[in-house]
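**Q** Construct all of the structure, not just a fragment, from the sequences and the given hints.
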Amino acid sequence: MLRYNFRPSLVDHAQIMILVRSFYNCSDQDHNFVLRKLGVFSYATIKDSDRRLLLRFTKGYNRDVLEWGRIQLHRRPLGFIGVACLSNDPVQQPKDYDRIVHRFDNLISQYESFLYDSRCIIVGPENPSIENLRKDIIYLPITELDITDGFEKAVADFISSLFVILESKRVEKISENFERMVMPSAPCEQEQTISDADTRQMKRKCLGRNKKILADLCLMAGLYPESLVHYNNSVEHLRNVNDYLWMGAGLEGVCAASNIMTIGDQALKTSRYTRGLVIDQTNIQINVTTDNAFEEQLRNMTILDDNGMIAKYSECLSCFKRFSSTGPLEMESHFKFIRALIRMQKKLEVAQVIQCLLLLPISSNLNEVEKIDFSSVLSSIHEQLSLHRKAAFYRRRAAMYYVQSNPGKPALAKAMSYLQEVCPSYKLQMEQPTNVEKKHDSNKGWPSIQLIILLDMLNITRKLGNKLDSVRLLCFILERYGDHLNPETHSELVDLLEEFSDDTSPLVNETKDDVVQLIRPLPIIRDFAAKRLAHYLQPLKVKKAESDGPFIFSALSSKMKKDEGDIIWVSGDVSEVAMVVDNPLPAEIKVNNMTLITEGTEFEAHPATLALPADSGSFPFMLLGTPIKPGSLSIKGYRVEVLGISNVVLLPEPITVEVTPMLPILKLSSTLPRAPNSSSLNPEDKHYQTLFTSANLYRGHSCTGQVTLENAGKVAVTKLDIKLNKPKEVNVIFNEEQVQKQLPLAPGDSIHLDVVIMPEASWKLYNNKDKIETMLIMSYSCEEGEQGGYTREIYWVTIIKVMPSLEFSNLELFEIERQPDLCLICFDVENMTSISMNVVCAVENNDPETADISSFSTLLEDLDIVLESKKKTSVEVSFPRISLPLPPKFKRQTIEDVYEKFVSQSICFKWRLKDTNYSGVTYFQNLKITPEMVPVLKPKHLNINIRVNDNRIKDGEFLPIPKNSMVCISVVLTNFHELDIDDITLHVNPYQRCHRSVEAMNQLCLPSGIMNKGIKKLCPGETFEHSCGLFFLYEGEFMIDISCSANRKFGTPTPKRQRAFAIGENVPGSPPPSTNGDKKMSWSTPLSPGSVSKKLKYHEADFWAQTFALNVK
1 MLRYNFRPSL VDHAQIMILV RSFYNCSDQD HNFVLRKLGV FSYATIKDSD RRLLLRFTKG
61 YNRDVLEWGR IQLHRRPLGF IGVACLSNDP VQQPKDYDRI VHRFDNLISQ YESFLYDSRC
121 IIVGPENPSI ENLRKDIIYL PITELDITDG FEKAVADFIS SLFVILESKR VEKISENFER
181 MVMPSAPCEQ EQTISDADTR QMKRKCLGRN KKILADLCLM AGLYPESLVH YNNSVEHLRN
241 VNDYLWMGAG LEGVCAASNI MTIGDQALKT SRYTRGLVID QTNIQINVTT DNAFEEQLRN
301 MTILDDNGMI AKYSECLSCF KRFSSTGPLE MESHFKFIRA LIRMQKKLEV AQVIQCLLLL
361 PISSNLNEVE KIDFSSVLSS IHEQLSLHRK AAFYRRRAAM YYVQSNPGKP ALAKAMSYLQ
421 EVCPSYKLQM EQPTNVEKKH DSNKGWPSIQ LIILLDMLNI TRKLGNKLDS VRLLCFILER
481 YGDHLNPETH SELVDLLEEF SDDTSPLVNE TKDDVVQLIR PLPIIRDFAA KRLAHYLQPL
541 KVKKAESDGP FIFSALSSKM KKDEGDIIWV SGDVSEVAMV VDNPLPAEIK VNNMTLITEG
601 TEFEAHPATL ALPADSGSFP FMLLGTPIKP GSLSIKGYRV EVLGISNVVL LPEPITVEVT
661 PMLPILKLSS TLPRAPNSSS LNPEDKHYQT LFTSANLYRG HSCTGQVTLE NAGKVAVTKL
721 DIKLNKPKEV NVIFNEEQVQ KQLPLAPGDS IHLDVVIMPE ASWKLYNNKD KIETMLIMSY
781 SCEEGEQGGY TREIYWVTII KVMPSLEFSN LELFEIERQP DLCLICFDVE NMTSISMNVV
841 CAVENNDPET ADISSFSTLL EDLDIVLESK KKTSVEVSFP RISLPLPPKF KRQTIEDVYE
901 KFVSQSICFK WRLKDTNYSG VTYFQNLKIT PEMVPVLKPK HLNINIRVND NRIKDGEFLP
961 IPKNSMVCIS VVLTNFHELD IDDITLHVNP YQRCHRSVEA MNQLCLPSGI MNKGIKKLCP
1021 GETFEHSCGL FFLYEGEFMI DISCSANRKF GTPTPKRQRA FAIGENVPGS PPPSTNGDKK
1081 MSWSTPLSPG SVSKKLKYHE ADFWAQTFAL NVK
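As numbered in UniProt numbering, residues 1 to 1113 make up the sequence shown, in order.
Be a bit skeptical, because a hint or two may be false.
[Unchecked claim] Pair ranges (Cβ atoms, derived):
| hint | residue 1 | residue 2 | range |
| --- | --- | --- | --- |
| 1 | Arg343 | Ile142 | 32 to 42 angstroms |
| 2 | Lys427 | Asn242 | 24 to 34 angstroms |
| 3 | Gln29 | Asn132 | 19 to 29 angstroms |
[Unchecked claim] Below, in silico cross-link-like pairs of lysine-lysine (DSS-like), each with a Cα-Cα straight-line distance of 30 angstroms or less:
| hint | residue 1 | residue 2 |
| --- | --- | --- |
| 4 | Lys203 | Lys321 |
| 5 | Lys590 | Lys541 |
| 6 | Lys346 | Lys463 |
| 7 | Lys203 | Lys59 |
Hints were generated in silico from the structure; no laboratory data involved. Virtual Cβ for every residue (Gly too), placed ideally from N, Cα, C.
**A** Okay, here's the thing in structure tokens:
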């Protein structure tokens, strides 16, 4: 039992103490029920007055402290309330009532020496079978939860009765005759009267003590200013006679009165649920003359400020310190002073007073219960000062007193709760985990102190028999504070943990049924992340076709796009969550029933079990589960059982996974041989489950194969699209309708697809490669997957090793005389196989981007040759001269690259190996076009196109013409050069081998129109057409030269001279053309046939000509 009050305050001096005790069948529950109702009334207001009575209801009191009520009146209970319980049996209730009345009368007789008034509260059923005729008995139904008006009036009457007696005592003390005063005495003193020692000093001491008692009565009666004046007068009288004990009590009264007047209404409300009573004013009159000196002191009264109160209270403590028997007063005064200083926010002074309190002799004479309460109060005081570590020190000391005083489980449980409250002050994180990964940062706080707290908690849990809590603390100590343990303690804790681990019986807590979790979840989890399905199982979202409407830019458009890194799982497929586990303990741990905690769509978690050796380090691990239905799945954390403790660990942020409807699974097989090392791929690889096949082909050869698609899933395949990885590179030919006819593909069924690998057209793109890789992408889905917009993909890759068939070397290009449309390509071709082959060389225009040349393939003839194994032969190919456009700048190509690609794709060699089924097409390879070769491949700068009687005539062609008919000749000139061609002269010159002069030809044929035409300029790409005619008078073979010449080099400025114009045109400043009497046309001197042949032979750059023959019959 407590002998001292460690929670006093200065407000207690003004409170009327009312003792509430239970008797006669009253349980603690009923006693607390009444005490809670009474505790609502914390004060009473007197009508028509500013006075207030402060009330304090208490259920316990120490008789040893009661004796000190002689010197401080507030220590004595002035009122008494007894609480009894009535039986529920109506027959028994009258008997109980009689017994209650009798016992209540006996009970109050024990306190009649100091009690003012008393009441009895009977708790019972709502309608008792008793008749209450006594006013001092209050009946309270147990069913009344709220405070009724009747109960409030009964309590108000009781307080009013106490106030009347208190006021009468005050008035009596004021009107008391000085000669008849009794000397008040403390418990350690003997009672004296003035007659015993009729001296001046004793009279002043008696007066001072009675003034002190009068001040107590005034303070309790709500007359705070009057009490302060009486306290001051008392202190002055007692100071003069060196009565230090009573002077100290008076000084404390001065501080109490000043404190109450300073805080004002704060003293009335002890909690937010309290309220006041209203009582009537008394009619007691004071029959004494008015003391003018007292009235003057009352008017000039001043309340102590903070510094004044500190000074007065310090003097009070020094007075109490003079006596060795004033332990309770001195200790309680220290606590009152501390709480007053806390209100003033004087932290340094509080620390000094606490230090003095700890040095009191009585502090070392406390029993175990008092030590616990004493330490708890000091802890709460330091909490109010925000000195958390100091508060934790005293709270831990209280916990240790609990362990030492009472080894019972309730005391141990209380000590455990105290130690748990200490943890935050020492930065010891003992809360349940909310995340997966916790890095080993430097520990906050002092590890040595934290370790002491943890070992104390471990000791208590073992005494309580809580094995789960013991394992929880053991794991945390060894994992976090293993480096701070001495070898002996470390070994003991490891042995203890292994003992718990080897225990076959389930670990339970004996004193509580709460769910226990490890402080730090084991094993340590890092890199907790949902894992994507294998690449061949990943569902792909089908992109919707974009709208043809107008484009509207929005800054939010980028945020509205779905993150490509989102995880997508499929219903019915086993999914994985990857993590790294670590056992930091020096002992092996077994992990059981580790499962995922999810929310959202239905999900089946697969339990996992593993054993981790001591100090295992990082170890990869997977948690598996199967989504059952489509929808959104949120992974909240995981549940794990370690050492018998089931832990629920939540992630700081849940992982959201989208679950698609169930999708089929396709597996591929082929008639082609598998590629080497294709089966050693890691499941994480993109091409895991991709079908890899291989083929060895001669360059230009094609092969056929068949691929089988088997549905290994649980739903039918309703959609199957097959496409090439690079659609422009058609290296595989297949008929997709062959597959579409066999859909839907039920689970377990298979379909076949025939393919052609490396057809002839594809060798144009892969002509120079020794290794080729083809890929077919097969996208498939089911009916539900199509509705959700999801599909899967699987690949078929064929690796082709190319073996040489034909090789080309020694390339040369030449112009062909009198064939301006063609050039001659000479090269060597070699058979690289071990078998003879028949080779057909053909030239054809296969590039749609080239210039349009009509009848391209008819210009050339195929060459058929036979090549023996490893033999070489020379080949000459006539190739058309074509003008190709310059490549765009962004392609970073030259005109040489353009011609190189065109020539290599236009010359093909169709070959067949003798006595075999091997055949193929090889295109010109290893071709290197130099800048010097480009003019040979390009057309002449000026192209001449001749038509005779609307028939196209080639250079050197022979055309029959009937006699006596007009021959119409049309010449079209086209500039294929990049620059302008200026000052061009066109000549049409007919002749015979024996008659070549102009005069001779005038006798054989008659010209019609202009035979020599001058052209000022032809721009690049521009054409010029000129027409004329010839009428042959005689039969025979005639030759016609069509020649053009430029009078200056291309790109040079035109000189300031007279240009050469066609004969027959009038040029300003030149003589007119001459005419004779027979009106024959005069001829300018054209080039002779020999000169034309000479110029063509030496490929003069500014001369162009064509010759054809006419057979006139």
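**Q** Can you name, in rising order, the numbers of the hints this structure does not satisfy?
**A** 2, 5, 6, 7
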